[in-house]
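Listed below are the residues making up each chain.
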Amino acid sequence: MPADGRRVLVVEDEALVAMLVEDALLDAGFSVIGPAATVEEAMGFLAAERPDAVVLDLNLAGETSTPVADALALRGIPYVIATGYGASGLPAGHQKAMVLAKPYDPSELTAMLGRICAPV
Amino acid sequence: MLRQQTVLARFGEFALKAEDIDAILTEACRLVGEALGTDLAKVMEHEHGQDRMLLRAGIGWRPGVVGHVRVNLSDDAAEFLAVTTGEAVITADTGQEDRFRLPAFLVEHGVRAFANVLILGGEGRPPFGVLEVDSVTPRDFLDSDVAFLRSYANLIGGAVERLRAIAALRASNQELERRVEERTRELRRANDRLRQAARERDEVQASLREAAGMQTVVEHLPIGAALIAPSGDVIIGNPEFRRLLGRPRIPSADQGHGDAWIAFDGEGRRIKPQDFPGARALRGEVTLGVDFLHAVDDQQPRWCRISGVPVKGPDRRVIAALVVMIDVDDEHRAQERQALLTREVDHRAKNMLAVVQAALRLTRAETIDSFVHAIEGRIAALARAQTLLAADRWSGADLRSLIQGELGPFLVTAAPEAQGAAAPEAQGAAALEAQGAAAPEAQGAAAPEAQGAAALEAQGAAAPGTTQNGAAPCQAPRASLSGETVVLPAGAAQPFSMAIHELATNAIKYGALSAPDGRLAVSWTLDRAAGQWLRLRWVETGGPPPPPHRTPGFGSRVLHGTVQDQLGGRVTMAWEAPGLVCDLEIPLHRQPPG
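First to last, the sequence lines map onto chains V and U. Sequential numbering from 1 applies to the first sequence in UniProt numbering. Sequential numbering from 1 applies to the second sequence in UniProt numbering.
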């Protein structure tokens, strides 16, 4: 498996989308942490363990997940931002982040995660 | 004698009528020469201020004499004697005369005798001159001749004096007329000046009125306008300008007032006070229509559109700045709101697509028909939540309406007569299931809205066997709802709808609603003490026994995903002997609006 059991934190508030991402990641050989539906939950997961990569929905039940993106950038954890706002809606300091525009094909996500995860 | 008196009388008449002094004097000479029988006669006029006399008029003289010859009043002149003595001067024979010397012209005319008398002037005036008769032969002059000459001279003097007076009067008249004319001209000029002044005053007043009109316009313009001095002080400004500026001066590059000013341009960059249009205008630059967010002290910052234009004096130096400020805050806020709304609508649409996509990809079914059913049910559940939210302007969704939409057909009393009538599509999972599975029980034919109301009514009356429409006895509804009015926050409506849909689908496929006598009771309470927790209990009875080893299916996964993961609640499921009992606990305060 190319994913090699790397742990990916899923930060996504829509239950169905989270389930889809979870299935796609598991199928691609990743192991899944989460999903986290709020900033608070995401920060809780990050405090408990260091994932290899993160899938981050930009809008979590009306709140922006920018604090999570900031924390990931600070700790050097690679992440993919999934957003319905498009690349123009990226928060300050994350304009160069990898972006998946919702709705996206789960295989795109797994391919992207495969690229950004550091080689073992 | 008589002839002389007749001559006097004739001359008197003439002199009274004549107006030309030379004509009078010439006529006098002619008549006096005739009367005394002399060949020559003349009137010498004393030229004033001069010691000489002019031969003013005469008879018998060669050309070039009358009006030209002058005689000096020297000691040896006969005229001098006449003037100084006032007596008549008579010479009977010039050859015997030694009192004076004959002037040349007399010698040339061969004068041998003469007599002259003084012509007196008017009262208080010097003598006019001398009247003289000259004879080319020596002769005597009688006393009567001298008396005649005197009388004659007096007539001449009177006539001359009369003409003088007339001339003086005429001159005085002319002077008067001249002065009147001059005065009239002055008056006319003064009048013209007054008219001009009045015209100018009218023009000034008109322009003042116009200016006053303009000022009124400027005062009430919804645009701030002001003239700014190089110091940054407002010289004049209309009320709108003062309102927008909020202080008596603008920041200018050299005044150091900038710290009190906070302004940002469209890109959010801080604008330095020396770059404000007013300050730039004072440096001679033109800046038109720059928008920035401008804060006055502690007030809410407002968007203003500011222009600055330098005002130059005669020497091209900047003497002031014209600054115009327009409040474009409402315009900017509306644009921002519009952009935000557009973004939000776009985001929601994308999000909904992502959810629908997930529902499609996650749904498993053995046949195409059942796949379509499952998908339609799930999408209908999503749509129901959206519809209810939209009806409530996205502030929330009514819990009871959401469940009614899902369980509609089971909430109404079923009339056997109405058997076979299909429920409308909007009825959700129950309707779809009933349609597809050809539920053994007859479904009501009432309209969806009426069904909800009827269900509640039936529930409240709790009277099995109540007749509807006066027809045959009805069967009691198979599902019941009970609970107070609860509004689900906007963010909770869709996941909750999905959760209820999965429960209903499960009940219709495998649970109480799959058996003819099965019943479902849904009840809820709102626990306000603990931060608005909704506690909902789903109780199925009378259904088939559950399979002994149930593996968690897609339904329970969705239930957990929505209620636990998404909404932060709890799901407890228990398969009791009579059927499934499921408790959903959901914190409503967790969901931020929108």
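The hints are simulated quantities; they were obtained by calculation from the structure and are not laboratory data. Think of the CB as a built atom: it goes at the ideal place given N, C-alpha and C, for glycine as much as any other residue. Some hints could be false.
[To be verified] Covered stretches of chain V (chain U as the covering partner; in silico rule of three or more C-beta atoms under 8 Å from a C-beta of chain U):
hint, segment
1, 19-33
2, 45-55
3, 70-80
4, 107-113
[Stated by the list, open to error] Sample of chain V residues with no beta-carbon within 10 Å of chain U, all distances over it, derived:
hint, residue
5, Asp4
6, Gly5
7, Arg6
8, Arg7
9, Thr66
10, Gly84
11, Leu90
12, Pro91
13, Gly93
14, Ile116
15, Cys117
Hints the structure fails to honour: Numbers 2, 3, 4 and 10, in rising order.
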